[in-house]
Amino acid sequence: MSTKDMSERPTTVLQSLNAAMHRLMAGDSRVVVLGEDILDPYGGAFKVTRGLSTQFPDRVLTTPISEGAIVGLANGLALRGMRPIAEIMFGDFVTLAADQLINHAAKFRWMYNEQVRVPLVVRTPMGGRRGYGPTHSQSLEKHILGVPGLWVAAPHALGDPGSLLEQSVALEDPVVFVESKVCYGRFLTRPAELRAEEIRTARSPFPTLHLTHRGGSPDGVIFCYGGMAPVALEAVERLRDVDGIRVDLVVVAQLSPTPTDHLEALLQRGISEVIAYAEEASSSAGWGAELVATIEEIRASIAPRRSIRHLRIGGAHTPIASSKEMELHDLPSAELVAERLLECF
Amino acid sequence: MSTKDMSERPTTVLQSLNAAMHRLMAGDSRVVVLGEDILDPYGGAFKVTRGLSTQFPDRVLTTPISEGAIVGLANGLALRGMRPIAEIMFGDFVTLAADQLINHAAKFRWMYNEQVRVPLVVRTPMGGRRGYGPTHSQSLEKHILGVPGLWVAAPHALGDPGSLLEQSVALEDPVVFVESKVCYGRFLTRPAELRAEEIRTARSPFPTLHLTHRGGSPDGVIFCYGGMAPVALEAVERLRDVDGIRVDLVVVAQLSPTPTDHLEALLQRGISEVIAYAEEASSSAGWGAELVATIEEIRASIAPRRSIRHLRIGGAHTPIASSKEMELHDLPSAELVAERLLECF
Amino acid sequence: MKTGERIPLCNRDSSPNELYGLMFGIRTFEQSLLDLFQRGVLAGTTHTCLGQEATAVGVFSALNLELDCAFSNHRGHGHFLAYCGEAELLYLEVMGKPGGVCGGRGGSQHLQHRNLYSNGIQGGIVPVATGIALAEKLKGSGAVSVVFLGDGTLGEGAVYESFNIAALWQLPTLFVIENNGFAQSTPCALEVAGSIRARPEAFGIPTTEIRTTNVETIRNETSRCVDAMRDGAGPRALVLHNYRLGPHSKGDDNRDPAEIRAAWDQEPLKVLRERLDTTEVQLMEAAQTERIGRARERALAAPRYEY
Amino acid sequence: MKTGERIPLCNRDSSPNELYGLMFGIRTFEQSLLDLFQRGVLAGTTHTCLGQEATAVGVFSALNLELDCAFSNHRGHGHFLAYCGEAELLYLEVMGKPGGVCGGRGGSQHLQHRNLYSNGIQGGIVPVATGIALAEKLKGSGAVSVVFLGDGTLGEGAVYESFNIAALWQLPTLFVIENNGFAQSTPCALEVAGSIRARPEAFGIPTTEIRTTNVETIRNETSRCVDAMRDGAGPRALVLHNYRLGPHSKGDDNRDPAEIRAAWDQEPLKVLRERLDTTEVQLMEAAQTERIGRARERALAAPRYEY
Ligand SMILES: Cc1ncc(C[n+]2csc(CCOP(=O)(O)OP(=O)(O)O)c2C)c(N)n1
Ligand SMILES: Cc1ncc(C[n+]2csc(CCOP(=O)(O)OP(=O)(O)O)c2C)c(N)n1
Ligand SMILES: [Mg+2]
Ligand SMILES: [Mg+2]
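Chains as they are written, first to last, in our numbering: chain Z, 1 to 345; chain W, 1 to 345; chain H, 1 to 307; chain G, 1 to 307.
FYI, nobody ran anything at the bench for these hints, they're computed from the structure. Errors might be hidden in some of the hints.
Stated by the list, open to error - Calculated lysine to aspartate or glutamate pairs in the DMTMM-like style (CA-CA distance at most 20 Å, straight line): (1) G/K97 with Z/E325; (2) G/K97 with G/E5; (3) H/K139 with W/D58; (4) H/K270 with H/E280; (5) H/K97 with Z/E339; (6) H/K137 with W/D58; (7) G/K97 with W/D58; (8) G/K270 with G/E285; (9) W/K324 with G/E306; (10) H/K270 with H/E285; (11) Z/K47 with H/D253.
Please model the complete structure; the sequences and the hints are all you need to start from.
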């Protein structure tokens, strides 16, 4: 999708995803959708599945409250040639499906010596800022990164969530598709002032979006994904408009495996002195850490003597409070991202 | 424990742990041990619980095959003032307890506003090299690092596993205690040629062991933990004896939260040009990544212009094969660690 | 922790009037939450127990409130109020204020006060409650551990792991299974196969099933379970059938309005009120309305977090 | 995949002689594994089905081996051999050799061949098998999905999530629950509360319980279940009782030797052999011993991975 498309007909992340779900089900009778409370008229807790059960009653299955079994069913469906899309109502409950993801879905293809494929997608909304409290606001994706055989992808409002979902379903391997619950209502849009370029490769099919200021190299870069994309973009704009600092933005869609080749391509374009990694979870042992380590490995080979100031910016290292004020205080805001970067200049 | 103690009466990791379990149960009637197949004469799959049920029949509970409930029970016990030690027979099954660890144990204290404590320990053996195949050989601890409120500790044969367990039980918070199944039979020993120093702080109570060559600064450092300690030590010895390269060894016991203060102390002693992180799991999004990121943050503040070559060395990014040859080929050996380091000099 | 005026609690000797009063207090509290949401005063989410007050009052009035432990679920305000009556602390908590029972950290679904706990993960609380029963048994305290689960929560495997262990070890766990007809938007028939009652029974747990909104019946049956458990008879299950009068949380409700109307004819307050003296009921209602109102106003006036 | 000589399979028409032959083949295979372990030829671990051969042969002889799917557990060699007879491929797999059915990656507990799968996580395979049933139902293939679980595996919550869903959606899943008296070192009484049979029944799954080691009875009861399922009657459970004659894996066995000896009197091969002609049995045994022996020798001679 180009910037132009987006301006022609305003589309929200939710609409984009919902339309993709409809296209997927209409285009391929192997697609089966399952999850809790997904039947119309309710249409799912966040409405991504709305309308599907009316259109495709036989292939839309509302399940009991059994997150483990939901992913287990999807495993069985995928092994037998179907294309299941499972929904876990809140990403916080992915813990209940951890065994099915790690010890079943991710392993089958390799441990069965490439004799099977497990093309399943588990969609789930993550993130806070909605006042849902400690068990309904987390960004737990860091705990399922680095699983051999498991893809983790995250759509965002600066990209094309629906296409990303279609790509995920088209993959032959299991994908956890991490949506941001605060972004469902956002319109798909990209800032006109920044030049946008997408990197995608055969090895890392989910695109990395690189937003650059025109003219000259930037003072720094922010890496982010998913629900942090609008936050980081606001920080970029604030730094430019208020502080006169030009910071590029990189929005990653492929969280795992690490899109090392994309990162290499980015670093080949120039190595910033300051790179920030903005994520909503506490950054301890998280996505940003993996990026720092990978980027350091790349840097060592292309610029062994250079040093980069790496800045992980994440949420507080505590559970997420119900209290609105505490929650917003503890999750990384555009102000915080901008301030932390400013400290480096 | 000092090096001397160890040489006086040879003790294995298993003996050290088993003795600590006995001491813990004898010393505190609040300690309850639960897990699968832990009753005598069987005494647990890896025998760490051997003898306990004979000595303390009322407080040693063999459970059904219910890993989630085992940790759930431990949560309830801990909330009500007991000191449960739960065993998960193979670390691979920690996925089944992920929800109890992440959404219950780790959260209670903070989300209940410090009104409760959850002093539980979940012991579990991780790691391969035993030919147990894809679901009984993994090192899954990377997936439970970075959980606010959850400690992860790993004993090793260069330290004192039993004391580490006692420390874990004494903590007021939940601890996952990651044992190495290949190390149970190892004798506790430290190489006499290296100077050993332990770092421990109030904030990071689990000790970091620093083994240094005498005289002058080293050419590099290897960080490792658990079952990789003997492997990394062998690499250090090989590098010294075969290649004439002096590499320090740091064995971390506190995997999460990251012992940032220990790392700071180490970096204050000197910053190596090459730092390797040896872990048995594939290093993608793993323990080593967190260390790289943290060490880079520390380096930026104490030596902003220096650059470190960070080298993550882990297992293949695939499941772990049953085939002995394939398994050993795919897990990081002393040769591999030494070779990867050699490439940097 | 500073606590305001409490709602009077009930026990096994409480009169129908008193039971009614507590149920009415809970009803008033829950309705005021929906109202506060509509007025935009509350954020996040909340699950009210409208129509299910008899469970809260019936069960807690049968317990020893000093001794026994309870683990509640996402729909826990009634349980909390029947346990300790601290309406103000609960208001503050739901409002996310520092004075709340968990300092606003937990919010509606994550409460802790003395021997009462709740968490927002369906099913996960059941093994924890079973562990609490084990702890109390090992300590010889004589306490029982009560856990609340809805029909929908019977979908979670953790429930059955707990049934098995509680039965094997003869732990004093009371599984209160409340079938309110729905799990969120999903009717019971689409999420529960076979028989609810047969499930704990399959694990050897003696199970009482009651299809009533009569709070006294619930108190009596709970008392029988609790007494047996305190005598060392092992776990018990109580299957209660009622109807959720309000929306699942605060949002859409796609159920048949006629079905909901019919349920209002059998709801626990109405059923009990018909047997009581109208004047006394009115007095009691007025007193509770005032009490809850005071708690609400004090909570509304209390400071929020500031950074 | 190159396949060597196969063990002859059985179907619903197979004679007692043929059924015996297949069971004997499995027995021979399993015993040879324990022997290879003792000789240090095998590494890792293995779980043999000594004493449980009638389950493997009884169930698979009732299936349509071209069509139906099966998910096996850690104790799956018998299931594998009764499904496809590929002894050499299984030997190679257990030996971790490139020619194994999964190239030596999976090993004993992680097998995959055509419509047969296995995995080493207790319980986790049950929802997967249920998903397989769903796939086949959606495709209208007419296939049923069989899953094997032991008494100990009834401890896992995933099992009950699957019972519920299979029953709700009337999926063609056959839950074969094999109570061999033990889970690893733990006797059934310490890990299974209440009634095994009542567990699937509580979810509305018609359940057949048989206490026999007679392979023909098992084949008949399986056939009835499978026929009903193929007619769209929804899931079925089969509870089988037998005894594990060998150690849990290859290690210690702390059970009462008298108990084990007694079980040898009722084990499925002995029970069937008593009804057969001795000469024919001897011929069959000799032929199987030779076949399995050839497979083993070929596997032993095959190359290992080299790096
Ligand atoms: C593990 C988990 N899955 C899903 C949810 C989302 N959820 C909250 S309440 C609910 C319905 C619960 O139904 P039931 O158990 O019948 O209780 P009720 O709401 O009717 O009181 C669901 C699906 C959750 N909180 N936890
Ligand atoms: C999730 C999980 N927990 C524990 C184990 C370890 N384990 C392997 S077999 C076994 C006993 C299984 O007992 P049962 O289901 O009765 O089968 P049997 O071995 O008797 O055939 C155990 C505990 C496992 N493989 N998976
Ligand atoms: Mg309900
Ligand atoms: Mg068994």
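Results for each hint:
1. The hinted pair formed by G/K97 and Z/E325 fails the criterion: a straight-line CA distance of about 60 Å is larger than 20 Å.
2. Under the criterion of a C-alpha separation no larger than 20 Å, the hint pairing G/K97 with G/E5 is consistent with the structure, at around 18 Å.
3. Of the pairs offered as hints, the one joining H/K139 and W/D58 holds, with about 11 Å between alpha carbons and a cut-off of 20 Å not exceeded.
4. The suggested pairing of H/K270 with H/E280 holds, with an alpha-carbon distance near 15 Å, which does not exceed 20 Å.
5. Of the pairs offered as hints, the one joining H/K97 and Z/E339 is violated, with about 28 Å between alpha carbons and a cut-off of 20 Å exceeded.
6. Proposed proximity of H/K137 and W/D58 is supported: the alpha carbons are some 11 Å apart, at most 20 Å.
7. Among the hinted pairs, G/K97 with W/D58 is inconsistent with the structure: their alpha-carbon atoms are about 47 Å apart, more than 20 Å.
8. Our distance criterion of 20 Å between C-alpha atoms is met by G/K270 and G/E285, whose separation comes to about 13 Å.
9. A hinted pair counts as satisfied when its Cα atoms are at most 20 Å apart, and W/K324 with G/E306 qualifies at roughly 11 Å.
10. Taken as a hint, the H/K270 and H/E285 pair is honoured in the structure, with Cα atoms around 13 Å apart against an allowance of 20 Å.
11. For the given pair, Z/K47 sits about 14 Å from H/D253 by alpha-carbon distance, which is consistent with the 20 Å threshold.
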